[in-house]
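K.L.:
For the protein sequence lines, the chains are A and B, in the order given. Each residue of the first sequence is one higher than the one before, starting from 12 at the first, in our numbering. Each residue of the second sequence is one higher than the one before, starting from 19 at the first, in our numbering.
Simulated from the structure, these hints should not be mistaken for laboratory data. One should not assume that every hint holds.
Straight-line C-alpha distance at most 27 angstroms; calculated DSS-like pairs for lysine-lysine [what the hints assert, rightly or not]:
(1) B:Lys207 x A:Lys203
(2) B:Lys190 x A:Lys253
(3) A:Lys225 x A:Lys299
(4) A:Lys122 x A:Lys203
(5) A:Lys122 x A:Lys206
(6) A:Lys225 x A:Lys206
Partial list, derived from the structure: chain A residues whose beta carbon lies under 10 angstroms from chain B [stated by the list, open to error]:
(7) Ala26
(8) Phe40
(9) Phe52
(10) Leu124
(11) Phe249
If you want the footprint, here are the derived chain A segments under chain B, 3+ residues with CB under 8 angstroms [said to hold, decoys possible]:
(12) 128–140
(13) 268–275
Glycine included, each C-beta is placed from N, C-alpha and C at the ideal position.
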Amino acid sequence: MTILRRAISLRLREALHGYGFIALWIVGFSLFTLFPLIETFRYSLHQVTVTAEGIRLDFVQWANYTRALFTDPNFIELVIGYAIETLVSVPIVLIFSMIIALFLNLNFKFKGLFRTIFFLPVVITSGPVIRELTAQGATSAPGIANIPAVAEFIAQLPRTLRNPTEYLLTSFILILWFSGVQILIYLSSLQKVDKSIYEAAAIDGASAWEAYWKITLPSLSTANIVNAVYTVITLSHFSENKVIQYVYNQTYAVQGGIGYASAMAFLYFAVMTVLLGIVYLFLAQQAKRERN
Amino acid sequence: MQTLRRFNPDWLKSLLFGSRTRSGLVFVVLIYALLIAIGFVYLYPLLFMFVTSLKSPSDLLNPMVQWVPTEFYTGNYEKAYRVLNYPNTLMASILVSVVPSLIQTFVASLVGYGLARYRFWGRNIALLLILATFIIPPQNTVIPQMLTYKEQGLLGSPWALILPAMLAQGYKSAIFILIFYQSFLSLPKVLEEAARLDGASDLRIFLTIAIPSALPAFIVSFIFSVVWYWNETFLTSIFLEGGVTTLPMQLSRFVQAYENLYPPGTVNIFDRLNEAVKMSGTFLNIAPLLVMYFLLQRWFVESVERTGITGE
Chain A
12 MTILRRAISL RLREALHGYG FIALWIVGFS LFTLFPLIET FRYSLHQVTV
62 TAEGIRLDFV QWANYTRALF TDPNFIELVI GYAIETLVSV PIVLIFSMII
112 ALFLNLNFKF KGLFRTIFFL PVVITSGPVI RELTAQGATS APGIANIPAV
162 AEFIAQLPRT LRNPTEYLLT SFILILWFSG VQILIYLSSL QKVDKSIYEA
212 AAIDGASAWE AYWKITLPSL STANIVNAVY TVITLSHFSE NKVIQYVYNQ
262 TYAVQGGIGY ASAMAFLYFA VMTVLLGIVY LFLAQQAKRE RN
Chain B
19 MQTLRRFNPD WLKSLLFGSR TRSGLVFVVL IYALLIAIGF VYLYPLLFMF
69 VTSLKSPSDL LNPMVQWVPT EFYTGNYEKA YRVLNYPNTL MASILVSVVP
119 SLIQTFVASL VGYGLARYRF WGRNIALLLI LATFIIPPQN TVIPQMLTYK
169 EQGLLGSPWA LILPAMLAQG YKSAIFILIF YQSFLSLPKV LEEAARLDGA
219 SDLRIFLTIA IPSALPAFIV SFIFSVVWYW NETFLTSIFL EGGVTTLPMQ
269 LSRFVQAYEN LYPPGTVNIF DRLNEAVKMS GTFLNIAPLL VMYFLLQRWF
319 VESVERTGIT GE
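Next comes chain A alone, as it looks inside the complex (with noise of 0.2 angstroms):
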């Protein structure tokens, strides 16, 4: 009895010191996340009108829902657009990416240095930053962009791939720029893989070319997956995001008021959510496949 006492004594004292030392987050979270959203979405139900002696609320229920979706003719080609860029730009990032690490796998002088080169746009990337050497037309892929012919060739494709094409070539570099860290999870799983697994199948005569289906990839289907998810999450929270600026310009607009920006918020969201899981199930029945 007083052994069974004890027992549960000392799993609540350890349950309790667990309490005491994430207490700042529950605290944090409860502050800083749960209640902005649950207000953010109180919002999104009212027309909001900021006063001199505080914020006043009508409720409208889905009037800023519906604004969203079917009157302004903006948010939802943004929306469009956004989710086209970003499903784009994801497996270019993961292509490229796994290519990079796969060649810093390798051994060679000064991989560091080339190491270095190829983090370092996660150091310096910003909004303001990118957003100048944009509109200088840095970032797009050096000179295929300025050919007459491929501009004729853009002008040529329907609406729904033009815009996509175009977004891929003015970018192109921007959209490589946010591989840095996807290339470190590569390549620290390309680490973890044992080197004697290739031996033995050089051994049975399978080529490099073979090895690498058989064996390097199905070892990155984790990293594929942390990688996609991270891609699209940055991609989604990036500042110079046009839904984002929309959004964020439509906060203080007269027309559109904190209730229309955060109904924009939560649709916003929603589409992320859907992107995400878009990819995850993507890359997920994919590892699922290769390891049978």
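Starting from the known structure of chain A, fit chain B onto it as the hints suggest.
P.N.:
Just chain B now, with coordinates in the frame of chain A:
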């Protein structure tokens, strides 16, 4: 005849295409060529920025001058320095990124330690919610915070960034909590248990044993935190507007600030705002980060290995 006999084709073949033990020359050259080419494309925006920032107005107009300016012209930097109000904004940026980072790193380590070392009800829920905070876009939570700060008169003061950091809700806090969670999880428990038997309190164990043994996680978290706070403009433009002005904030209103200093109608044509001045401003903006990166690059590029954040 003799030279032909001495010439060993196998030797040449292994030199060029490699053997079982070492890679061949063709392969090595190919790798360097590819990496240099990709590296050039990758750094192209930076090179472009740097070269453009050194061009004098006449170089800018001269179509012959592409990559090498005809003179070493620093006039753009002098202008950008004044327009950015560099000493003030630089100090503001340092303050606004270093102070919250210090606090955020420490608090995140506390939370990560609690989650990694103690078993209690709701631990997995907490981990899940931390992941969720990483996903929630900032604009879904920022407006009520802004309104509360406004009520309390904190809008525009650094406290608007420090307060959330104190409560583990700073910028990207979730990542740092997970970094600490991972690294404490992988540390052996033996020392802590020994200390506990000797009667040390939990907080003391954390401060004297856990912190020193997780030092890499602390350094990595701190430097990444500084970099991300430095580059953050969405939150700063909402929380600090009208108060503190950071470097990126000043850069984003560069044109306006330039025209205040050099009114367009009154200055001569060479003092009009051109892309060289803008690029100088951009370069001044990232220069402190570049210095930091090249001093601490080991910690940056080995961060993933040192903290084991991928944690398969």
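K.L.:
Please check whether A:Leu124 passes as an interface residue: C-beta within 10 angstroms of a C-beta belonging to chain B.
P.N.:
At about 9 angstroms, which falls below the 10 angstroms cut-off, the nearest Cβ of chain B leaves the hint on A:Leu124 intact, so it holds.
K.L.:
Taking 8 angstroms as the C-beta cutoff, is the stated coverage of the stretch 128–140 of chain A by chain B satisfied by three or more residues?
P.N.:
Check passed, 13 qualifying residues.
K.L.:
If you count the residues of the stretch 268–275 of chain A with a beta-carbon closer than 8 angstroms to a beta-carbon of chain B, do you get 3 or more?
P.N.:
This one holds; 3 residues, not fewer than the three required, reach chain B with a Cβ under 8 angstroms.
K.L.:
Hey, B:Lys207 versus A:Lys203, does the alpha-carbon distance stay inside 27 angstroms?
P.N.:
With a Cα-Cα distance of about 24 angstroms, the restraint between B:Lys207 and A:Lys203 holds, given a limit of 27 angstroms.
K.L.:
With the threshold set at 27 angstroms, check whether the alpha-carbon distance from A:Lys225 to A:Lys206 stays at or below it.
P.N.:
holds (14 angstroms)
K.L.:
Check the hint pairing B:Lys190 with A:Lys253 against an upper bound of 27 angstroms on the C-alpha distance.
P.N.:
holds (21 angstroms)
K.L.:
Quick check on the hint: A:Phe249 CB to chain B CB, less than 10 angstroms?
P.N.:
holds (9 angstroms)
K.L.:
Would you mind confirming whether the straight-line C-alpha gap from A:Lys122 to A:Lys203 stays at or under 27 angstroms?
P.N.:
Distance ~18 angstroms between A:Lys122 and A:Lys203 Cα, so the pair holds.
K.L.:
Would you check whether A:Ala26 satisfies its interface hint, that is, whether its CB is within less than 10 angstroms of any CB in chain B?
P.N.:
holds (4 angstroms)
K.L.:
Hey, does the A:Phe52 contact hint survive, CB to chain B under 10 angstroms?
P.N.:
Hint on A:Phe52: holds, closest Cβ of chain B at ~8 angstroms, below 10 angstroms.
K.L.:
Report holds or violated for the interface hint on A:Phe40, using the least CB-CB distance to chain B and a cut-off of 10 angstroms.
P.N.:
Holds: closest Cβ of chain B sits about 6 angstroms from A:Phe40, inside 10 angstroms.
K.L.:
Can the restraint linking A:Lys225 and A:Lys299 be considered satisfied, given a maximum Cα separation of 27 angstroms?
P.N.:
This hinted pair holds, its Cα atoms lying about 14 angstroms apart.
No hint from the list above goes unmet by this structure.
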